[in-house]
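Asker: Chain residues, written in single-letter form:
There are 2 protein chains.
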Amino acid sequence: MANDDLAFLPPGVSQADFAAALAEWRSIAGAEFVSADPDRLASYSKVMLPVPAARHRPAGFVAPASVEEVQAVVKVAERYGIPLWTISTGKNLGYGDAAPATPGQVVLDLKRMNRILEVDETLGYALVEPGVTYMQLKQYLEANSIPLWISFPSSGPVAGPMGNTLDRGVGYNRYGQHFENFCGLEVVLADGSLLRTGMGGVENSREWNVYRWGYGPWVDGIFSQSNFGVVTKIGIWLMPKPPMSLGFLCGWNDDEGMGKGIDVVRHLHLNKVIENAVLGHTMYHIAQTRRRADIYDGPGAIPRARVKEICNEMGLGIWGHITTLYGTEEQIEVNLKIAREAFAATGGQFMTERDPGIRETPFHHWNLNMTNEPTLTEFTIYNYKGGGGSSWLAPVVRCEGSEALRQFNLMHGVLDEYGFDYIGGFLIGGRHAEQLTDILYDRNDAEEMDRARRCYLAMIEALHGAGYGIYRTSTTFMDDVAETYGPAQRALNRRLKLALDPKGILAPGKSGITA
Amino acid sequence: MANDDLAFLPPGVSQADFAAALAEWRSIAGAEFVSADPDRLASYSKVMLPVPAARHRPAGFVAPASVEEVQAVVKVAERYGIPLWTISTGKNLGYGDAAPATPGQVVLDLKRMNRILEVDETLGYALVEPGVTYMQLKQYLEANSIPLWISFPSSGPVAGPMGNTLDRGVGYNRYGQHFENFCGLEVVLADGSLLRTGMGGVENSREWNVYRWGYGPWVDGIFSQSNFGVVTKIGIWLMPKPPMSLGFLCGWNDDEGMGKGIDVVRHLHLNKVIENAVLGHTMYHIAQTRRRADIYDGPGAIPRARVKEICNEMGLGIWGHITTLYGTEEQIEVNLKIAREAFAATGGQFMTERDPGIRETPFHHWNLNMTNEPTLTEFTIYNYKGGGGSSWLAPVVRCEGSEALRQFNLMHGVLDEYGFDYIGGFLIGGRHAEQLTDILYDRNDAEEMDRARRCYLAMIEALHGAGYGIYRTSTTFMDDVAETYGPAQRALNRRLKLALDPKGILAPGKSGITA
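Top to bottom, those sequences are chains A and B.
Here the first sequence is numbered in the numbering used here, starting from 1 and rising by one per residue.
Here the second sequence is numbered in the numbering used here, starting from 1 and rising by one per residue.
Under the rule of at most 27 Å between Cα atoms (straight-line distance), these lysine-lysine pairs were calculated in the BS3-like manner:
| no. | chain 1 | residue 1 | chain 2 | residue 2 |
| --- | --- | --- | --- | --- |
| 1 | B | K308 | B | K260 |
| 2 | B | K241 | A | K272 |
| 3 | A | K337 | B | K337 |
Just so you know, these hints were derived from the structure itself, not from any lab.
None of these values were measured; they are calculated from a predicted model.
Work the whole structure out from these sequences, hints included.
Answerer: What follows is the structure, given as structure tokens:
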């Protein structure tokens with residue numbers, strides 16, 4: 001028997017209508033895959049956000065098993081005016097997890113749609129459904145001896161390519177800019193109609209997953225970080241396994257070194273000597289291996305001098321740059337020589353993977369990420385403080401040392417003011433970097449949790465005031481971040497929303513967009 | 001005095017209203033930059049298309065000088081219901097030139113907006129207005145000793161980056177996929193409102209032209225190959241001048257060689273040994289240097305045997321592949337060695353730029369295109385037959401030898417049937433190629449011109465029947481090509497059009513889209 005909570009309802013929907021919709025969904029997806037029972041909603045209700053979970057409480061979930069079922073589910077939602085919050089694997093850790101942006105949405109969970117529909121070894125792509133995880137795809141490739149590599153994000157082992165790509169996540173190998181390396185979408189629109197983008201519109205096309213742009217307006221982009229449709233298939237480009245790879249590292253003992261490093265990385269990246277790069281603050285690694293209480297028990301944020309001290313104790317620099325070179329041995333040798341000389345000019349400490357010591361450094365896991373070995377190492381930062389609070393913040397910055405330093409100091413200043421530690425680093429795209437930072441807090445401490453919320457808002461404001469935009473945020477702050485991108489973008493997004501989902505059924509609040 | 005032709009009117013617009021709109025535009029843009037005088041419309045009326053010019057006859061033109069003037073001009077057009085056909089430099093040669101898709105549109109000519117607003121040497125980008133030409137940008141870079149290279153399309157010397165990028169044109173250096181290498185748009189919408197995309201929405205952002213995606217739905221794509229707005233600024237990424245470059249060529253004497261070559265190119269491209277590639281049919285080059293009457297006077301299309309004969313007489317293979325390697329001397333040596341070995345396995349004839357003979361080959365102009373030297377060499381094909389008829393056709397194909405052969409033979413068969421010569425080749429993107437082909441015909445010969453039109457339509461149908469889509473077409477065939485991408489895409493495009501331009505003021509018919 002269904003133990004639905006018909007006291008907690010989608011906004012503006014009557015108990016009778018909600019019950020009727022649940023019944024219709026059960027007839028579509030099967031009784032066990034639809035529920036409004038609070039016990040069964042636990043996995044959709046857990047958040048790491050700095051607000052009470054009630055602010056993101058779902059009213060139910062429905063988990064269809066096929067595109068046709070998604071179409072039918074969406075039509076029912078539209079008829080009853082029930083908002084659907086779509087998730088693929090639901091592992092949007094620290095960005096809102098599986099919970100909706102606003103309370104009372106029904107989670108449209110696509111995890112049952114987890115087929116790998118096609119892998120093309122020659123052309124290097126996979127066509128997958130929303131529920132496919134990175135690990136599942138990796139295991140499939142290995143089981144079938146297909147020499148293709150996946151670009152995993154830090155959440156690689158638990159997350160999946162659909163959600164990460166559509167949220168414009170980034171990874172670490174040649175294809176680390178995930179939004180540049182997908183090709184072809186299938187989308188269910190709010191009226192239940194089905195669309196294949198690009199070459200997917202051409203009957204019997206074999207180019208759907210090899211040529212991105214199709215003919216006429218390229219619409220794929222509007223289905224990312226948005227709520228204009230439910231994406232049910234995605235083509236993902238995979239990297240041919242290189243003949244060889246070699247990671248190298250360069251570390252610096254001060255922030256000025258990081259600035260010099262950023263300039264070198266940009267130069268090498270734009271000249272195609274290197275193709276990927278992370279430049280991380282050592283605190284990010286300390287947070288993975290130490291508990292805060294063991295390294296600092298004073299008031300407020302951990303002082304910079306103390307951070308330096310811990311780094312020295314651990315024999316580490318304050319900043320570490322990591323790149324993996326790919327190619328034949330000769331290609332790698334040539335590029336390594338160029339990179340080594342360029343980094344030497346920064347005064348940093350340089351080592352390659354040939355030095356076994358590199359495996360002892362806390363930066364090594366990134367080399368694993370860069371060579372088809374996903375790790376969850378980074379998420380051990382959640383043990384640093386405990387208490388389950390995490391809010392990722394990722395402003396974009398020009399890939400210039402002076403700019404990176406300026407943004408770093410700005411963010412560090414806000415964190416200091418609110419008493420939170422700087423735990424972050426730069427993911428380098430070439431012309432830009434994302435400064436990925438995590439605010440960690442104890443969700444059992446109401447004061448600290450609310451301070452984290454205020455800190456996040458202060459950070460958005462400080463960054464905005466300095467001309468910086470944030471590329472991705474958690475469900476709690478979507479409206480605040482959208483506001484910093486100005487009224488013209490918000491107005492356009494609203495016009496598109498009204499054109500494609502006039503009743504506002506799909507994921508209201510996503511990226512600050514409502515009908 | 002204005003010598004306007006108030007007998008030829010925009011569809012559904014009265015003479016009085018048209019006169020009133022022209023008067024308003026004159027007060028906005030200046031009297032000399034607005035006209036409906038047929039003499040002054042000559043440059044907007046000339047077409048190479050296989051239909052009478054009347055089918056693409058403009059009713060007038062207006063050439064504003066600033067974004068504010070564009071906004072005002074668009075508002076007037078919306079008020080009077082007058083369609084505006086936007087052009088930047090208007091050199092869409094063989095794709096419709098500067099003329100509108102349907103008769104009676106007023107050409108919104110943005111050539112006066114030709115400022116280079118910013119060039120960033122460090123981060124490698126330029127922010128330009130619509131009227132900026134590739135040559136203008138090149139001269140600016142040279143005059144200011146800025147070591148950045150431009151990716152020119154074949155029309156480089158006369159065309160401009162805005163129009164080419166938004167039509168998703170391709171070029172030849174590292175940044176040859178132009179649609180992957182722009183960053184940030186400014187757009188005037190049909191209601192006259194102004195939008196900056198991506199980071200451009202953030203006040204005082206310095207990331208507008210370095211980070212593409214911004215926050216929320218990425219909308220830039222919907223302003224390409226479409227009529228949803230008038231783009232008034234675009235950020236273009238420029239390639240740092242490499243330390244060195246070296247072109248190489250591989251030629252084959254039969255179509256099977258081409259197939260093998262395509263497979264090698266894909267392999268090298270996906271493994272980042274090479275970054276650009278053209279694989280051209282020698283007829284494309286013969287058409288640049290010979291007149292058809294001198295090589296063949298029989299009936300119908302030039303027979304394949306005769307083509308082979310001419311190639312032999314000229315000491316050329318039938319297909320030639322061209323790539324330019326970039327980097328330091330050491331990088332180039334290593335990659336050249338890999339490429340040389342891979343091509344050797346195809347049995348093709350290999351030579352590098354170090355062999356002075358390469359300059360005598362008709363393929364050499366592509367090495368120039370690949371090294372910042374634009375040429376108009378390709379457009380000398382218009383002398384091959386004379387008579388001013390040209391219709392480019394560019395289907396997409398998987399970058400696989402067997403697929404390339406299949407599509408080539410299909411297209412060759414249709415051309416044979418209609419009595420036109422195959423003049424084309426493959427521009428390689430990595431996982432896909434575009435088979436760029438030009439149908440040449442005498443526009444003074446009504447039978448031949450109509451045969452060309454029928455041939456083009458037959459080609460669309462044959463390609464569609466075999467599962468192929470065309471990435472770009474001329475204004476005459478936009479509706480036909482759009483149709484091959486299926487009803488779901490057309491329906492979505494129409495919904496977007498109605499949302500953004502409900503009165504259908506902007507470029508009706510572009511990519512088959514009307515309000």
